[in-house]
Amino acid sequence: MRGGRYGNTGYYVYAIGIIMFLYLPLVAVGFASISKARYLSFPIKRYATQWYGEALGSSTVIDLVQTSLLIALIVTVLSVILGFFGALAFARYQWRYRSLFQKLILLPIFFPQSVLGLALLMWFNAIGVMPSWQTAVIAHLVWIAPIATLVISIRAYSFDPALEDAARDLGCSYWQTLREVTLPLLMPGMVSAGLFAFLLSWGNFPLSLFTTGADSTLPEWLYAKMVSGYSPLVPTLGILSVAGSALLIAVALLVSSVVSLLSHRRSHVPRVSAADGVPGDLAVHQ
Amino acid sequence: MSVREQKLGWLNALPMLVMLGLSFVAPLLVIALYSIMPEQVFELSHVPDFAAYVEIIRQGYWRSFLWSIGMALVSTVILFVICWPLAFAMVRIFRGFTLAVTVAVVVTLFVSENIRLFGWALTLMKGGMIEGMWRAWTGTGFDGLLYNVPVIVFGLVYVYLPFMLFPLVQGIAMVPDDARHAAADLGASRWQVFAEIELPLAAPGILVGSLLSFVLATGAVAESKLLGGQAVIVIADDVESAFTYGQNWPLGSALSMVLILVIASLAIYALSKMDLDRILGRAVN
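Protein chains in written order, with my numbering: chain A, 1 to 286; chain B, 1 to 285.
In case anyone wonders, no lab produced these hints; they're calculated from the structure. These numbers come from a predicted model, not from an experiment. For every residue, glycine included, the Cβ atom is placed at its ideal position computed from N, Cα and C. A portion of the hints provided could be inaccurate.
[To be verified] Pulled a few chain A residues facing chain B out of the computed Cβ check, cut under 8 Å:
{"no.": "1", "residue": "I147"}
{"no.": "2", "residue": "V227"}
{"no.": "3", "residue": "L240"}
{"no.": "4", "residue": "V242"}
{"no.": "5", "residue": "G244"}
{"no.": "6", "residue": "L247"}
From just these sequences and the hints, can you work out the full model?
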């Protein structure tokens, strides 16, 4: 590189600057959440944690969290199941319409989510379904299941088809192979996909807006309060919601590093290939 | 392509195809049908006409389209300028630090867009983090920085940064280091290396990143609502009002159809340029 050491320092500073730019608004929300005043104004004169107490004690908040959690959990399970099969069609099998399928899956991700939510509302209306949290699950799936498919596909690309062939040659049925070989191999991808699905559903607003009917999720409630005037509970709940996500990400990173540490100790071959032998209890079914 | 793989491909694709058919394709068809219904109806059982499309032109809704497309265009150009040096450094200069940058950027995607934009509103408003600190420091205040067109573009740049950054990283990774060094050895200036080697060779990544950010920014609505205070009305906003306050489903549907047409044609073009097997397959190899 011609830039030399001095030029490279500039790039590091630039990268750190961009990351600070990305996180700056969260700092503002954080400060706002511990301001004592009912009407926020910087510089903050007195700090207090009373709004956290109020947020955690409110029954409205508990309802909102329950609805959001329920939607996110169901979306997670369904996205991982859809993504598992979707990823096999996306990355593993060479079939005629694979490339078309890959593109179809990506299309909903590019779509303006509020328009998608409205389109779903029209559709539910046309087939006579009342919008509620269940319809919001469907709305979230349209956007999140494709993302889960992509995440699992990354894992599925590293898949050695010889492993499945070996299991079949040893007399496994299709379902046995799927359960004993394919599923364990894709499991790390499925865990990541589940994490993505949960977090994206938990934080999603535009898809929920028109599809939850009388029910309301946490992001929806926050938005309603944001546009109708300031409430000190908005930054507080915002921070609590972000902290929940951050905790989940931290736990996931920790668990994954512990798992990879343990598996490194067990075997020194990190990548899955036929040479590693067939996983665990396949021998039972021979 | 064995017969078995053909069958398994179809079977495994089936759950996703059914889901997308019922909750993506079908709703779009309903919107398309509503858009050719006469005004102010709430059922699909009427004689179709194109009154709603005529209305779009007569009522001047094309202005919102121009605003959305214009702001999306400007934010895409700004994003390219901001992201290029970072993407370049992530591919060529940073080693372990690239992972840290990637994680830091991806994590922001998990925070609700609302909360992040609300944070900017708290930062930029009168009495907000910037103006308030400035006033405490210098004793003179100024009006907030919100509720204008530039702040909406700023919001778009902020929210869609990852969608430009990661495709650019992919694109720059495709430029062989040898080509850059050869050009430099032959006496090319920095600018020439950029304009004649890197730009053309990274073109697929640039194209995908630009189309992605443009498409997403065109359909965006939260930025203009939370930061812009509706200084201008964007198209997704018109769609929403037509369905909610306006109670004019055919008009809302017709507006959606035009927006969908713009977005889908660009998105499909972008997708046709992406080699997904290479992009996703390379992540592990």
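How the hints compare with the structure:
The interface hint given for A/I147 is broken, as the beta carbon of that residue sits about 10 Å from the closest beta carbon of chain B, more than 8 Å. The interface hint given for A/V227 holds, since its Cβ lies 7 Å from the closest Cβ of chain B, which is under the 8 Å cut-off. The criterion of a C-beta within 8 Å of any C-beta in chain B is not met by A/L240, whose closest approach is roughly 11 Å, and the hint is violated. Interface hint at A/V242: satisfied, since its Cβ lies 5 Å from the closest Cβ of chain B, which is below the 8 Å cut-off.
Among the interface hints, the one on A/G244 is violated; its C-beta lies about 10 Å from the nearest C-beta in chain B, farther than the 8 Å criterion. Against a cut-off of 8 Å between C-beta atoms, the interface hint on A/L247 is violated, since the closest Cβ of chain B lies about 12 Å away.
Checked against the numbered hints above, the structure breaks hints 1, 3, 5, 6 and satisfies the rest.
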